[in-house]
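Enquirer: Based on the provided sequences and hints, a complete structural model is requested.
Just so we're aligned: 354 in full-length UniProt numbering is position 354 of the sequence shown, and the numbers increase by one with no gaps anywhere.
No wet-lab data here; the hints were simulated from the structure.
The reader is advised that the hints may include incorrect statements.
In silico DSSO-like links for lysine-lysine, alpha-carbon gap of 30 angstroms or less [unchecked claim]: (1) Lys272 <-> Lys332; (2) Lys277 <-> Lys224; (3) Lys332 <-> Lys218; (4) Lys15 <-> Lys166; (5) Lys272 <-> Lys258; (6) Lys166 <-> Lys265; (7) Lys265 <-> Lys218; (8) Lys265 <-> Lys277; (9) Lys277 <-> Lys332.
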Amino acid sequence: MSAGGGRFGLDWPGKWEAGLEASLPESCSLELVPERSIRPDQAPHLFLEGDNLHILRLLKKEYAGAIGAIYIDPPYNTGTTMRYFDRFSRRGGSSGLAGGDTGSRRDDSPWLSFLYPRLILARELLREDGALFVSIDDRSIHHLRYLLDEIFGPDNHAGTVVWRKKVVRGRGHRHIIPQTEYVVVYARSLRSLPSFSEPLSPEMIDEYRLSDERGPYKRIPLAKTGTAHSPRPNLVYPIEAPDGTLISCPTHQWRWSKETLMARKSELEFVKNRMGKWVVYTRQRLYPDGSLRRKTPVSFYDRVSTSDGTREFRTLCQGALFDFPKPSRLIKDLLGWVPLPVDSQEPLIVLDFFAGTCPTAQAVLELNQSDNGHRKFIMVQDTPAEGQTDIAALGHKRIQSVLSALKKQNTGQNHHGFDNLAYRTMRLSGP
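Expert: Structure (structure tokens):
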């Protein structure tokens with residue numbers, strides 16, 4: 001709240017009208033495009049061509065509260081976007097924080113008005129346990145966070161990933177060399193959002209070098225490290241060693257209470273150190289429940305770069321040119337954090353309404369191929385205006401190249417009635 005008791009948030013000219021766009025009735029419809037489809041009658045995947053605001057309003061009729069994950073890479077308000085606007089910003093405008101000094105500076109209101117209704121609809125489409133991933137740069141992340149805090153609620157911000165998108169050597173920049181972008185993550189309801197996880201790296205797996213009758217494991221000290229900010233007396237007690245001596249906690253506390261220790265005593269391991277003193281460990285299993293252990297993702301990501309995305313796109317689309325396509329590996333890793341529904345036959349629907357050349361579709365197809373998952377993609381990409389690049393055609397070309405490669409592997413094409421290699425294309429039509 002501000003000092004005067006008003007609401008603290010983002011305001012700009014045209015905000016009310018932009019918000020109204022999300023709730024307008026939709027009179028357009030979608031028609032099948034058979035020549036851009038593969039086995040459309042049984043296809044789980046959808047490619048929708050047309051203005052994404054109209055299409056999002058149409059999707060709301062059938063998919064409200066049904067989308068499990070949304071990834072978008074919207075225009076960054078840099079003045080270089082190909083399709084939506086030549087430039088979102090104007091000089092001398094009057095946008096700013098509510099009640100703030102607007103002054104004479106860049107006007108971001110067209111960009112804000114463009115995103116606002118689309119993000120409102122994105123929230124309405126998400127399941128209660130669904131997640132939204134939005135790629136953005138450092139010039140616009142502050143405005144994006146205000147928009148998402150207003151629409152989703154600040155308590156539903158799940159985190160922000162810093163992506164090291166490139167390594168540059170400093171030419172052309174006087175102050176700070178830009179190497180990173182961001183992926184902002186919000187939940188429809190953070191309380192309902194399942195825990196994210198991802199596979200262990202080969203180096204992490206290699207740490208499980210010990211083994212017993214239950215398989216590979218590694219030792220984790222039972223004594224908790226770090227500073228004792230809030231001492232807990234129930235975590236400080238002596239433990240009896242195999243020779244009957246008592247082991248005092250060498251740090252400020254154990255990781256387990258005495259009750260937990262007694263219930264999980266079989267997981268303990270006692271080892272004498274070089275000084276002849278007992279050290280208490282727990283055994284962390286590589287396959288704790290029969291499947292390979294996973295880990296919680298971290299907020300820094302540096303596995304692929306924009307150069308990887310460009311090389312990948314040119315390979316799949318036979319040398320076609322497109323500025324800075326996102327690498328599908330980035331999106332695949334993000335979507336891989338989202339657990340599949342408990343019912344293995346229930347699909348996880350993945351939406352991208354700024355689909356571009358469709359790296360998100362590639363990510364979904366390859367994830368399904370790797371784990372027999374039932375993820376369905378819905379790609380939305382605008383049809384080109386006269387004289388502009390047909391980005392949707394590039395998306396189709398990527399999808400068909402990926403499908404061709406997956407078909408050669410001859411696995412996972414039709415898993416319990418789910419045909420991962422089929423998709424249906426529909427085009428917006430109407431008044």
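Enquirer: Would the hint linking Lys332 and Lys218 be met if the CA-CA limit is 30 angstroms?
Expert: holds (29 angstroms)
Enquirer: For the pair we were handed, Lys272 and Lys332, check the Cα-Cα distance against 30 angstroms.
Expert: violated (44 angstroms)
Enquirer: Is the hinted pair Lys272 and Lys258 satisfied, with a Cα-Cα distance of at most 30 angstroms?
Expert: It holds: about 21 angstroms lies between the C-alpha atoms, which stays within 30 angstroms.
Enquirer: Lys166 and Lys265 were given as a pair; does the straight-line alpha-carbon distance stay at or below 30 angstroms?
Expert: violated (48 angstroms)
Enquirer: Is it true that the CA of Lys15 sits at most 30 angstroms from the CA of Lys166?
Expert: Distance of about 35 angstroms is beyond 30 angstroms: violated.
Enquirer: Hint check: Lys277 vs Lys332, CA-CA at most 30 angstroms. Holds or violated?
Expert: This hinted pair is violated, its Cα atoms lying about 47 angstroms apart.
Enquirer: With a cut-off of 30 angstroms on the C-alpha distance, tell me whether Lys277 and Lys224 pass.
Expert: Satisfied, since the Cα-Cα distance of roughly 17 angstroms is no more than 30 angstroms.
Enquirer: Given the proposed pairing of Lys265 with Lys218, does the C-alpha separation stay at or below 30 angstroms?
Expert: holds (16 angstroms)
Enquirer: Between Lys265 and Lys277, does the CA-CA distance stay at or below 30 angstroms?
Expert: Holds, at roughly 20 angstroms.
Checked against the numbered hints listed earlier, the structure breaks hints 1, 4, 6, 9; every other hint is satisfied.
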